Amino acid sequence: MKIQGIAAASGISIAKIVKFEPATILEQTEIGTTEQELAKLTQAIEDSKIDLKQLEAQTAVRLGASEAEIFGAHLLVLQDPEYIGGIEALIQEGIGATQAIEAVQNQFVTLFLALDDEYMKERAADINDVSQRLMRKVTGTNESVSDYKEPTILVAHDLTPSDTAKLNAEFTHGFITEKGGKTSHSAIFARSLQIPAIVGATGIMSEVQSGDIAIMNGETGEIFINPTAEQLEHYKALRQVQLEKRQGLQALLHEKTVTKDGHHVELAANIGSLDDAKKALEQGADGVGLFRTEFLYLERDTAPTEQEQFEIYRDVLTVMGERPVVVRTLDIGGDKAIPYLNMPKEDNPFLGLRAIRLCFANEDLFRTQLRALLRASSYGNLKIMFPMISSIDEFRQAKQWLDEEKEVLFEQDVEVSDFEIGIMVEIPSAAILSPVFAMEVDFFSIGTNDLIQYTLAADRMNETISHLYEPFHPAIVALVKLVIDSAHAQGKWVGMCGEMAGDSAAIPLLVALGLDEFSMSAPSVLAARKQINILSKDALQEKLQQTLQQSTAEGIRAIWH
Amino acid sequence: MSQKTFTIKSKEGLHARPASALVKVAAGFSSEIFLHYGEKNVNLKSILGVMSLGVPAGGEITITATGSDEEVALQQLDAILTEQGLI
Numbered sequence: 000m001k002i003q004g005i006a007a008a009s010g011i012s013i014a015k016i017v018k019f020e021p022a023t024i025l026e027q028t029e030i031g032t033t034e035q036e037l038a039k040l041t042q043a044i045e046d047s048k049i050d051l052k053q054l055e056a057q058t059a060v061r062l063g064a065s066e067a068e069i070f071g072a073h074l075l076v077l078q079d080p081e082y083i084g085g086i087e088a089l090i091q092e093g094i095g096a097t098q099a100i101e102a103v104q105n106q107f108v109t110l111f112l113a114l115d116d117e118y119m120k121e122r123a124a125d126i127n128d129v130s131q132r133l134m135r136k137v138t139g140t141n142e143s144v145s146d147y148k149e150p151t152i153l154v155a156h157d158l159t160p161s162d163t164a165k166l167n168a169e170f171t172h173g174f175i176t177e178k179g180g181k182t183s184h185s186a187i188f189a190r191s192l193q194i195p196a197i198v199g200a201t202g203i204m205s206e207v208q209s210g211d212i213a214i215m216n217g218e219t220g221e222i223f224i225n226p227t228a229e230q231l232e233h234y235k236a237l238r239q240v241q242l243e244k245r246q247g248l249q250a251l252l253h254e255k256t257v258t259k260d261g262h263h264v265e266l267a268a269n270i271g272s273l274d275d276a277k278k279a280l281e282q283g284a285d286g287v288g289l290f291r292t293e294f295l296y297l298e299r300d301t302a303p304t305e306q307e308q309f310e311i312y313r314d315v316l317t318v319m320g321e322r323p324v325v326v327r328t329l330d331i332g333g334d335k336a337i338p339y340l341n342m343p344k345e346d347n348p349f350l351g352l353r354a355i356r357l358c359f360a361n362e363d364l365f366r367t368q369l370r371a372l373l374r375a376s377s378y379g380n381l382k383i384m385f386p387m388i389s390s391i392d393e394f395r396q397a398k399q400w401l402d403e404e405k406e407v408l409f410e411q412d413v414e415v416s417d418f419e420i421g422i423m424v425e426i427p428s429a430a431i432l433s434p435v436f437a438m439e440v441d442f443f444s445i446g447t448n449d450l451i452q453y454t455l456a457a458d459r460m461n462e463t464i465s466h467l468y469e470p471f472h473p474a475i476v477a478l479v480k481l482v483i484d485s486a487h488a489q490g491k492w493v494g495m496c497g498e499m500a501g502d503s504a505a506i507p508l509l510v511a512l513g514l515d516e517f518s519m520s521a522p523s524v525l526a527a528r529k530q531i532n533i534l535s536k537d538a539l540q541e542k543l544q545q546t547l548q549q550s551t552a553e554g555i556r557a558i559w560h
Numbered sequence: 000m001s002q003k004t005f006t007i008k009s010k011e012g013l014h015a016r017p018a019s020a021l022v023k024v025a026a027g028f029s030s031e032i033f034l035h036y037g038e039k040n041v042n043l044k045s046i047l048g049v050m051s052l053g054v055p056a057g058g059e060i061t062i063t064a065t066g067s068d069e070e071v072a073l074q075q076l077d078a079i080l081t082e083q084g085l086i
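Sequences listed follow chains L and Z, in order. Mind the numbering: the first sequence is residues 0 to 560 in numbering that gives the first Met the number 0, read in order. Mind the numbering: the second sequence is residues 0 to 86 in numbering that gives the first Met the number 0, read in order.
Among the hints, erroneous ones may be present.
[Claimed, not checked] Derived pair list, reagent style BS3-like, types lysine-lysine, alpha-carbon separation capped at 30 Å:
1) L:K1 <-> Z:K10
2) L:K165 <-> Z:K8
3) Z:K23 <-> L:K335
4) L:K52 <-> Z:K3
5) L:K120 <-> Z:K8
[To be verified] Here are some chain L residues the structure puts well away from chain Z; computed CB gaps all over 12 Å:
6) I44
7) G71
8) L114
9) H233
10) D314
11) P473
Just so you know, these hints were derived from the structure itself, not from any lab. Since this is a predicted model, take the numbers as computed values, not measurements. Glycine residues also receive a C-beta, built at the ideal position from the N, C-alpha and C atoms.
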């Protein structure tokens, strides 16, 4: 049987189907007094807010801040006077809390579905998601969890953001939904997980059973249920071609990254956990260029202890062996809710008390992390990096605390090995003063995401000005060049851990500039190695000279196109 | 009551992200604030209300504010509309 849907994320998958049906919300059998029902609603709202804040933090770590934003929007719905007020008004009329929620949900969903805008129609799913969460809280219904331990194509009527955030990414090999368009959450999540997705597959829920075998082609939107032997053969072959394309890169797994003229660079991975470190090795990374330690601090009621942190750092260093591991100390600010830190609400968290500034303000918290890192130093090739450094005093202070903690450990006869200390260059002042910093640090890592945002005063998450966020802006290229030249003048090395480092359009320019280490998401490593191994740094110098004379980003892009 | 009329210039109309910013600002004032578009009007402190209007590029909206902080509210809303590139 063949079903035609709308292609939403590319790739071919052949796997068993699991039908995903959200748990039916329990009927509310007993309706209390108006006061009791209102109290249930208030409690459900508070509980939902806690859930959503957790989901937001979790998703930010797993998939990034822009994917997590949806849960921020859900939080806003829970504060919506029309939505909450509408539910309360119905309860006042003597209706039970769940019925009231459902009635207001339907009212808004109807309103949104009537809009002549695909994007807005999709937002009806958000109202359903929030309302279902509230109803589950009122009735005490458990959330449905997808529990499967083999490759699976997930078939659902629709997937809410909360559903997708909880999916088992390892075994989910594709999504098919009846509803939804290309901007639906399942499609967006599929693209970030690099698995195929098909939406708008009308009728599929009634046509298939869990356990059926399906072929899905994310390029064409075709789905074959319990396919014939010929179909299986055809699609297995097609999938093989795709795999081989990826495997062409596998030959480079244990190769070095060296340009044709013998210039050696290091390709490292950005990681957030021990699992990520293992994957980085499988994908050919020469090391870890950025270990984000934030995740250790999220989703919990107290700060991680020294011992807990030590064990994670030790394990990551051990897995990586001799390969360098650049650990960034806690980089967090007012845009994330960490209950135990009592962070004040800020109007402008990206220019506020975050990263190293927050660490200085929470001395115990910071010293605990430093001690854990020092204790782990003898297990591998550790490099410690401080984020958000804007002046040399900050670096000196952080280093002094590190030295003090080292003394304490020496006195306790704890072994501490030599390690490098560097800074993240992400604030323009640090880039401008890189000749000064280069005399005191062991290395730089350029954090382009923030460096671009701060230099060009452009929030790339803000759709209305995201076009101003431009890695090829002559000012950015000039700053990157300055940082690299300043470091090399003092015999220090420079890495880059922003998205620019893994951008195939930017890589030749960065090679020409002499960048020593490129840190990127692990799946990009082999493709970058392939690209760099056929470049010649010398031959690129002419293009570099032209680049430095350009006055616009367009001009620079044209050279490296 | 204070009021002011604006024309939405952003290509995408009054979309989710700028709408959230607008609602967050409005929610900070004690005045009653409404957004009028065509024949419809909604509470500007309600994200669902504002999004359900589906104001497109070129849409003309009027914001009215009634209360002790109505003038400051209108000024700030004007500022956020500008900041979000909406007008």
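Hints versus structure:
| no. | hint | verdict |
| --- | --- | --- |
| 1 | L:K1 <-> Z:K10 | violated (39 Å) |
| 2 | L:K165 <-> Z:K8 | violated (38 Å) |
| 3 | Z:K23 <-> L:K335 | holds (17 Å) |
| 4 | L:K52 <-> Z:K3 | violated (36 Å) |
| 5 | L:K120 <-> Z:K8 | holds (22 Å) |
| 6 | I44 | holds (15 Å) |
| 7 | G71 | violated (8 Å) |
| 8 | L114 | violated (4 Å) |
| 9 | H233 | holds (42 Å) |
| 10 | D314 | holds (39 Å) |
| 11 | P473 | holds (24 Å) |
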